[in-house]
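Engineer: Residue numbers (my numbering), protein chains in the order written: chain A, 1 to 199; chain B, 1 to 199.
Please keep in mind that the hints were generated in silico from the structure rather than gathered at the bench.
Keep in mind it's a predicted model, so treat the numbers as computed, not measured.
Some clues are possibly wrong.
For chains that are exact copies, the list does not tell them apart, and a pair is met inside one copy or across any two.
As the list claims (entries may be wrong) - Derived DSS-like pairs: lysine-lysine, alpha-carbon spacing no greater than 27 angstroms straight-line:
1. K80 <-> K153
2. K60 <-> K34
3. K34 <-> K45
4. K45 <-> K60
5. K80 <-> K60
There are 2 protein chains.
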Amino acid sequence: MPVLAFWFDFASTYSWLAALRIEDLAEAAEVDIKWTPFLLGPIFKAQGWETSPFNLYPAKGRYMWRDLERLAGAEGLELKRPASFPQFALTATRVGVAARNEPWLPEFCSALFFREFCEGGDITGDDAVAAALAAAGVEAAPWLARARDEAVKQALRERGEEAQRLGIFGAPSFVTEDGELFWGNDRLEAALGWTRGQR
Amino acid sequence: MPVLAFWFDFASTYSWLAALRIEDLAEAAEVDIKWTPFLLGPIFKAQGWETSPFNLYPAKGRYMWRDLERLAGAEGLELKRPASFPQFALTATRVGVAARNEPWLPEFCSALFFREFCEGGDITGDDAVAAALAAAGVEAAPWLARARDEAVKQALRERGEEAQRLGIFGAPSFVTEDGELFWGNDRLEAALGWTRGQR
Numbered sequence: 001m002p003v004l005a006f007w008f009d010f011a012s013t014y015s016w017l018a019a020l021r022i023e024d025l026a027e028a029a030e031v032d033i034k035w036t037p038f039l040l041g042p043i044f045k046a047q048g049w050e051t052s053p054f055n056l057y058p059a060k061g062r063y064m065w066r067d068l069e070r071l072a073g074a075e076g077l078e079l080k081r082p083a084s085f086p087q088f089a090l091t092a093t094r095v096g097v098a099a100r101n102e103p104w105l106p107e108f109c110s111a112l113f114f115r116e117f118c119e120g121g122d123i124t125g126d127d128a129v130a131a132a133l134a135a136a137g138v139e140a141a142p143w144l145a146r147a148r149d150e151a152v153k154q155a156l157r158e159r160g161e162e163a164q165r166l167g168i169f170g171a172p173s174f175v176t177e178d179g180e181l182f183w184g185n186d187r188l189e190a191a192l193g194w195t196r197g198q199r
Numbered sequence: 001m002p003v004l005a006f007w008f009d010f011a012s013t014y015s016w017l018a019a020l021r022i023e024d025l026a027e028a029a030e031v032d033i034k035w036t037p038f039l040l041g042p043i044f045k046a047q048g049w050e051t052s053p054f055n056l057y058p059a060k061g062r063y064m065w066r067d068l069e070r071l072a073g074a075e076g077l078e079l080k081r082p083a084s085f086p087q088f089a090l091t092a093t094r095v096g097v098a099a100r101n102e103p104w105l106p107e108f109c110s111a112l113f114f115r116e117f118c119e120g121g122d123i124t125g126d127d128a129v130a131a132a133l134a135a136a137g138v139e140a141a142p143w144l145a146r147a148r149d150e151a152v153k154q155a156l157r158e159r160g161e162e163a164q165r166l167g168i169f170g171a172p173s174f175v176t177e178d179g180e181l182f183w184g185n186d187r188l189e190a191a192l193g194w195t196r197g198q199r
């Protein structure tokens, strides 16, 4: 099956919406999804931003939360806005890198997004990551340990460099095997269509 | 019929795509469109930007042109990228303000967008504005003169202040009669649906 890479930051609100939808849509399109958590922070910093543009530009931020509430409503969900935004989910992202070939990776990521935006919870602590690992059906301790491996830290840094090479500047982003970039939850269907050769 | 306000800057690429689609979609949805050209410049300046974010952030800019090309292709159009971006179409915008109650306003605006992104032409000069007025079936000279009226200049400044009050931070934006804001060509259908009461 053709593969579509799904690049996201756990802090990203629109990545949450994409994560909710992507597996069902991909199954219908007969496309394999490569879940690829990464950190937007370094990319934002390279653009001179010390935090999310939704915090830097208040009108844009107010709009985003309202838009998100409407879109979640259309999916039958209620957005619970977490106390802190954006959440720097370093441990979760490192586990996501370490588990890049594990079949439970989508469940792990989805559990974190659920906690963050459906429950308004914190996802930066080890307890939250452990709970998501448990929800995905795996033992937490070995994966929390692996998140501290130097090789995993290095792999995450390399993933950030790859994101920049691919032209990624925000999340979610979708990258096809032939290098076509699609940005935003709104482009998920187009990215799947491209992947199937339906230009 | 319910009314949806369509806020756009003549420089805006995604406003071009919305302008191409909006009248057919609005007719099907039984909604009246209020074409509302304004200037994004002062709003960008208030955010600390001296030009378009697509120029300030090169990765975002490269993506936008590619995305636009794909979307135009899906509409059966070929994007012709103008030599200069963004174009500061002050005279055209002032004519658009002066003509706010004229039935030919949509045709005038569409003619400018066509020249800009289907032909890659300049829309800042009086000749371009005159050609768009002629395409809309009206005599150019009186409207070019009105664009210099102090009252029209003031009305354009007030329109910019209204945009900020409405929470507008980019274009295209759609504002419903009950004050709901939708941003981006991607939200046109949702804005029309809201306007019809289809939440």
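Engineer: Indicate, hint by hint, whether the structure satisfies it.
Structural biologist: Hints, verified against the model:
1. When the C-alpha separation of K80 and K153 is checked against a cutoff of 27 angstroms, the pair qualifies neither within a copy, at 31 angstroms, nor between copies, at 44 angstroms.
2. Taking the shortest Cα distances, K60 and K34 sit within 27 angstroms of each other only across copies (23 angstroms), while inside one copy they are farther apart (30 angstroms).
3. In the homo-oligomer, the alpha carbons of K34 and K45 lie at most 27 angstroms apart inside one protomer (26 angstroms), although the nearest pairing across protomers, at 39 angstroms, exceeds that limit.
4. Taking the shortest alpha-carbon separations for K45 and K60, both the intra-copy value of 19 angstroms and the inter-copy value of 14 angstroms come in at or below 27 angstroms.
5. In this assembly of identical chains, K80 and K60 lie within 27 angstroms of each other by CA distance solely inside one copy; the values are 19 angstroms within and 29 angstroms between copies.
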